[in-house]
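Colleague: Spelled out from the first residue to the last, the chains are:
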Amino acid sequence: MNSDSDAGAGPIRRGRVLILVGLIGLAGIYLMAWRFTPAERFQGLAQKIFYIHPPAAYTSELAYVLAGISSVLFLLLKDERFDTFAAASAEVGLVFGAVLLTTGPIWAKPIWGAWWTWDARLTFSLILFLLFAGYFALRSAIREPAERARYAAVVAAMGMLLVPFIHLTVYLFNTTHPQPVVVQTGKPALPPEMLRTFLASFAVFTVLYLGMVMTRFGIGARRVALEVADAE
Amino acid sequence: MPSNGGYAVAAYVVAAVIIVGYAISLFRRSR
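So the protein sequences, as listed, match chains A and B. Residue numbers for the first sequence follow our numbering, beginning at 336 and rising by one. Residue numbers for the second sequence follow our numbering, beginning at -4 and rising by one.
Because the hints were derived from the structure by calculation, they are not lab data. From a predicted model like this one, the values you see are computed outputs, not experimental measurements. Mixed in with the good hints, there may be bad ones.
To be verified - Partner residues are not named here, just some residues of chain B that face chain A (Cβ under 8 angstroms, in silico): (1) Pro(-3); (2) Ser(-2); (3) Gly0; (4) Ala3; (5) Ala6; (6) Tyr7; (7) Val9; (8) Ala10; (9) Ile14; (10) Val15; (11) Tyr17; (12) Ala18; (13) Phe22; (14) Arg24.
Each residue gets a CB set at the ideal place from its N, CA and C atoms; glycine is no exception.
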């Protein structure tokens, strides 16, 4: 592990560029969604939340899964870079999880008539968010780096197992959450103008994830290098 | 068509605040 003062500088530099590209892309998505995508007839303008809510769900789940995989790799290989990446990805997952859990109820109020229901998908999404919030509570409670990484890795690996289950909730349970409208058998049930904005939003959220996780990884790597330098 | 544009605007503002706020936090922490 690089313990120089410039540890993490490369990922930080590249990550910052990607974040800026992602933020410009996000502004573009806002413009596309409001200016160049028609309103839906039955849901009205509230349907436009659809261009940020599912991409936020996908990004947070991607982040949690990669944090889980990285944690398993840490447990197997004992390379601290996997722990650093897991913490970075989990943090970014929480950010997009916050977008998911705030935009969902704002859509649900005008469409369902209630901010929240204890529907299977909503409940499991909240549990997953709280589990990864607990992951950071655990990390901050343990001072010894190797012990912290080992315990945290187990939590993240367990959290990852919930993600596929959340996907299956709309099929396994009688839920109020809509079924997939794009990823389904046959053609997506969306007109091309809506599909274009929807897919572009997924691409922009992916760029934001990559930029944020790289920058956060660089910050974590720098912190590890300082811990090593302090211990020496 | 139902008039619920205020909800959509609120969702977009909340999402932007969270995403841009975290991006600013990362830029500050990575200095």
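Colleague: Now tell me if each hint is right for this structure.
Modeller: So, going through the hints one by one against the coordinates:
1. This hint holds: Pro(-3) of chain B has a C-beta 4 angstroms from the nearest C-beta of chain A, less than the 8 angstroms allowed.
2. Taken as an interface hint, Ser(-2) of chain B checks out: its beta carbon lies about 7 angstroms from the nearest beta carbon of chain A, inside 8 angstroms.
3. Hint on Gly0 of chain B holds. Least Cβ distance to chain A is approximately 4 angstroms, under the 8 angstroms limit.
4. This hint holds: Ala3 of chain B has a C-beta 4 angstroms from the nearest C-beta of chain A, less than the 8 angstroms allowed.
5. A distance limit of 8 angstroms between C-beta atoms decides the matter here; for Ala6 of chain B the minimum to chain A is near 4 angstroms, and the interface restraint holds.
6. Evaluation of the Tyr7 of chain B hint against chain A yields a held restraint, the C-beta minimum of about 6 angstroms falling below 8 angstroms.
7. Annotation: Val9 of chain B was flagged as interfacial toward chain A, and the flag holds, the nearest CB pair being 5 angstroms apart, inside 8 angstroms.
8. With its C-beta approaching chain A no nearer than about 5 angstroms, Ala10 of chain B sits inside the 8 angstroms limit, and its interface hint holds.
9. Hint on Ile14 of chain B holds. Least Cβ distance to chain A is approximately 7 angstroms, under the 8 angstroms limit.
10. The criterion of a C-beta within 8 angstroms of any C-beta in chain A is met by Val15 of chain B, whose closest approach is roughly 7 angstroms, and the hint holds.
11. With 8 angstroms as the threshold, the beta carbon of Tyr17 of chain B comes within range of chain A, its nearest partner Cβ sitting at about 5 angstroms, so the hint holds.
12. Annotation: interface hint on Ala18 of chain B holds; nearest CB of chain A at approximately 5 angstroms, less than 8 angstroms.
13. The closest approach between the C-beta of Phe22 of chain B and any C-beta of chain A is roughly 7 angstroms, which is under the 8 angstroms cut-off, so the hint is satisfied.
14. Checking Arg24 of chain B against chain A: minimum C-beta separation of about 5 angstroms stays under 8 angstroms; hint holds.
Of the numbered hints given earlier, the model fails none.
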